[in-house]
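Engineer: Chains A and B supply the protein sequences, listed in that same order.
If you're matching positions, the first sequence starts at 1 in my numbering and goes up one per residue.
If you're matching positions, the second sequence starts at 1 in my numbering and goes up one per residue.
By construction, these hints were calculated from the structure, which means they are not laboratory data.
All clues stand as given, with none of them false.
Restraint ranges, calculated between C-beta atoms of paired labels, are given here: (1) 24/B <-> 144/A: 22 to 30 Å; (2) 147/A <-> 36/B: 19 to 27 Å; (3) 79/A <-> 98/B: 36 to 44 Å; (4) 253/B <-> 31/A: 34 to 42 Å; (5) 54/B <-> 62/A: 29 to 37 Å; (6) 42/A <-> 24/B: 24 to 32 Å; (7) 172/B <-> 61/A: 23 to 31 Å; (8) 47/A <-> 161/B: 52 to 60 Å; (9) 58/A <-> 326/B: 42 to 50 Å; (10) 168/B <-> 123/A: 30 to 38 Å.
Okay, derived cross-link-like pairs now, EDC-like style, lysine to aspartate or glutamate, Cα gap no bigger than 20 Å in a straight line: (11) 223/B <-> 80/A; (12) 270/B <-> 80/A; (13) 88/B <-> 112/A; (14) 62/A <-> 51/A; (15) 126/A <-> 61/B; (16) 61/A <-> 15/A; (17) 126/A <-> 59/B; (18) 80/B <-> 154/A.
We put the CB at the ideal spot given by N, CA and C, even for glycine.
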Amino acid sequence: MSTSKIFVLKSSDGETFEVEEAVALQSQTIAHMVEDNCVGNEIPLANITGEILTKVIEYCKKHVAVVHDGEGNLSSFLKEELKNWDTEFLSNIDQSTLFHLIMAANFLNIKDLLDLTCQGVADMIKGKSPEEIRALLNIENDFTSEDEEEIRAENQWTFK
Amino acid sequence: MFRTYQRRRLKRSREDRLSDLSDDLLRRILSELPTEDLIATSLLSRRWRNLWLSVPALDLDSNNFEDVDVLFEFINTFLKSNEERDIKRFKLIYDVEAYEHFHSDFVRRIDDVVKRRVRDLTILNRVNGEEALVRLPLSLYSCGTLVNLTLYNAVFDHPEEELVVSLPRLKTMHLEAVKFDGTEILKRLISSCSVLEDLVIVTHPGDYLGVVSVCSQSLKCFKLESLRETFEDPEVDPKVEIDLPSLEYLSVRDYRSKSFSIHNISPTAKINMDVVFDVEDDADDPLERIRISKFLSGISTVREMIISPRTLKAIKVFSQFEPLPQFLNLTRLDASFVGSTLELLPTFLGCCPNLQSLLMIRLIFSMFM
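Go ahead and model the full structure; you've got the sequences and the hints to work with.
Structural biologist: The structure is reproduced here in structure tokens:
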């Protein structure tokens, strides 16, 4: 195994994480920082807590390991395994962590993680009525009843 | 499992964290939803009321609309409401009665979508092909933004000579029961995709597909499957011509055709073959022998191979009349030499000097039956 560079990622609450180059560079944001030479080996991430960064790194480590399986071409078996791991990963985090992960993946520009977490929220919304969605996600209903009538009328064929 | 976990946690947190996210992130989440669910979000709160209209994706099922006119009116309104934005993803399950389908209305709407720089296009047409053909707009042939295309039971009209056929960004193409009005169109289409990586073709009865000619410098994964019935007629599937120097994986299932030619295939390719030949035990059919010979020389350069029992059977019969080619690169073989094909095993192994692994799981089970 070739010696790869180690980056140190520092969370907003001062925790440090050592990660291999290949893991860190899954973040396009970090990749650009490195390209533009604006950081040394230590990369401060002022808007991501240690708890969330742990999860991000967990994801990136798993996804690097699979890409480097030898020939760079992912067999359908490995794809399936990765998908199962992703599902497991999502099911082990609470709502609050999920949203923080979305923001972290967005800031760090890790496309696959962002897709996964957004899909996770979409899955929570799918098949639910507006009332159920509001209850689940604590969204305040600031419509008047006239507003609601109007909207229902506009899209009446959807609201069966 | 995820949902029950959420309900337990809800009791502790009362924050609306979803609203902390930016509009762009919300749109990203919303673009994963089928349009039905997407529209439901317009009732969540003021902020959400019109957010769905700017989501660059539509996922529609015609069954959810009163009639075809309402469906097309909806698509029209949606497209008009955000003039500048690209429609990244468009999926349509088109399940209407044949008499409800009007070509000009349909093609105009799909054309509108194509012109909005669509990236992922999926059209699953359930209109009975014997009653009405659902034809696609010609603009589809030159959609510069298309990356993923999935079509079921649709028709590609013949492009005029002057029409530029070019899909420069297309990476995956999945064609099932797709009819082409002309024998060269599929070949021309594939050749025009300079970055095509994944191709799936599924043949159906009545698709008029005469030749499946797949020549591509970029294609990595090609799956070919036949859903044509195999009655008495042994030449049921289109002829196949393969020239794929970058191919990594080839899979052929349930395929029976007059000619199966692999002109060029990457030596590192892995193949999974279930090609049906018309052979009878110990009987010599010279025509079929030529076909099998051609097929075998085409696959003789691969590194990893899975062969179905019936393809293996055909090879066994062939081997009684002609020598097998040498499989010099073959390092891994997965084939169940069961019953009558067991006799073939030593001969076959003799042609594979570099074989490292042989998988015959089914052989073990059949011994106990």
